[in-house]
Amino acid sequence: MKITNTELNVVRFASEDVIATSGLVGSVWTFYIPASQYTGGSYSGNYVEFNGTVYPYGSGPYEITDIYGAKGGVDEDRDFLMSGGTYIPELGITLPSTVADNLAKSVYDAYSYGDGRYYTNGASYYEMYRQ
Amino acid sequence: MKLRYELTIMDMGGEFAAVPVGEDAAKFHGMLKMNAVTADILGQLKEETTPEKVHAYLKEKYPESTDDEIGHTLVGLLNQLVREGLLIP
Chain A
-17 MKITNTELNV VRFASEDVIA TSGLVGSVWT FYIPASQYTG GSYSGNYVEF
33 NGTVYPYGSG PYEITDIYGA KGGVDEDRDF LMSGGTYIPE LGITLPSTVA
83 DNLAKSVYDA YSYGDGRYYT NGASYYEMYR Q
Chain B
336 MKLRYELTIM DMGGEFAAVP VGEDAAKFHG MLKMNAVTAD ILGQLKEETT
386 PEKVHAYLKE KYPESTDDEI GHTLVGLLNQ LVREGLLIP
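Quick mapping for you: the protein sequence lines, in order, are chains A and B. By our numbering, the letter at position 116 of the first sequence is numbered 98, and the numbering carries on one by one without gaps. By our numbering, the letter at position 27 of the second sequence is numbered 362, and the numbering carries on one by one without gaps.
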């Protein structure tokens, strides 16, 4: 028997209210985004880690800019926009649009929990630490 | 790696669904719909494990699949689970 493609649909119910957003924009956060790769018959855990500041961006909700302290092949001269995939060539992985787009909501939700830590309901997984 | 939430996985007649139980029901407001392969893999992620161990399990269950087929299928699901906040890497 051969393995078939996996199918997974995550259904989220109504999210909780955001408590507060003051201090979110203009604050510096550390972002840690893990990912796995399978190449050459073995698994490896890769990650993207960087520090950045959250700012409003155009018609979208947020962007992460003024990036520094990057690890895992992140280009410190490149801002992370809230739409479109971002390819990390050194790792051979792409942060897909859903990741980038949901990051804004993660930033919004994470701050509402007061301790500056990571994502919560209805968003993708990022660890965020307030500087 | 391990599932972030304790889930009950149910066979709905060919399709599968998973819901959080206990205290995790208050943390994850939602449910998962999946096929049999995904349900099988999620079952392997309920306890702390590694990609290699899950790969070995799948290799035994799907002997006609190559290592590459299993590896790419598994890592695709693992990354989706991480992006959805459902897996602690």
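Everything labelled a hint here was simulated from the structure, so no lab data went into it. There could be a bad hint or two in this list.
Said to hold, decoys possible - Covered stretches of chain B (in silico footprint by chain A; criterion: 3 or more residues with CB under 8 Å from a CB of chain A, positions within the stretch not fixed):
| # | stretch |
| --- | --- |
| 1 | 340 to 349 |
| 2 | 371 to 378 |
| 3 | 403 to 414 |
As the list claims (entries may be wrong) - In silico DSBU-like pairs for lysine-lysine, Cα to Cα no more than 30 Å straight-line:
| # | chain 1 | residue 1 | chain 2 | residue 2 |
| --- | --- | --- | --- | --- |
| 4 | B | K396 | B | K368 |
| 5 | B | K337 | B | K394 |
| 6 | A | K(-16) | B | K396 |
| 7 | A | K(-16) | B | K337 |
| 8 | B | K337 | B | K388 |
| 9 | B | K368 | B | K381 |
| 10 | A | K(-16) | B | K368 |
| 11 | B | K337 | B | K368 |
| 12 | A | K(-16) | B | K381 |
| 13 | B | K381 | B | K394 |
| 14 | B | K394 | A | K(-16) |
| 15 | B | K388 | A | K(-16) |
Idealized CB from N, CA, C, for every residue including glycine.
Hints versus structure:
1. 340 to 349: violated (count 0)
2. 371 to 378: Our answer is that it holds, as 3 residues pass the Cβ test (under 8 Å) against chain A, meeting three.
3. 403 to 414: With 12 residues in contact (Cβ-Cβ under 8 Å with chain A), the coverage given for the stretch 403 to 414 of chain B holds.
4. K396(B) with K368(B): holds, 22 Å
5. K337(B) with K394(B): holds, 20 Å
6. K(-16)(A) with K396(B): Answer holds: K(-16)(A) to K396(B) is near 9 Å, not above 30 Å.
7. K(-16)(A) with K337(B): holds, 25 Å
8. K337(B) with K388(B): Within the cut-off at roughly 12 Å; holds.
9. K368(B) with K381(B): holds, 17 Å
10. K(-16)(A) with K368(B): Roughly 22 Å between the alpha carbons, so the hint for K(-16)(A) and K368(B) holds.
11. K337(B) with K368(B): holds, 19 Å
12. K(-16)(A) with K381(B): With a Cα-Cα distance of about 23 Å, the restraint between K(-16)(A) and K381(B) holds, given a limit of 30 Å.
13. K381(B) with K394(B): Within the cut-off at roughly 19 Å; holds.
14. K394(B) with K(-16)(A): Roughly 9 Å separates the two Cα atoms, so the pair holds.
15. K388(B) with K(-16)(A): Since the Cα atoms of K388(B) and K(-16)(A) sit roughly 18 Å apart, the hinted pair holds (cutoff 30 Å).
The structure is inconsistent with hint 1 alone, although it conforms to all the rest.
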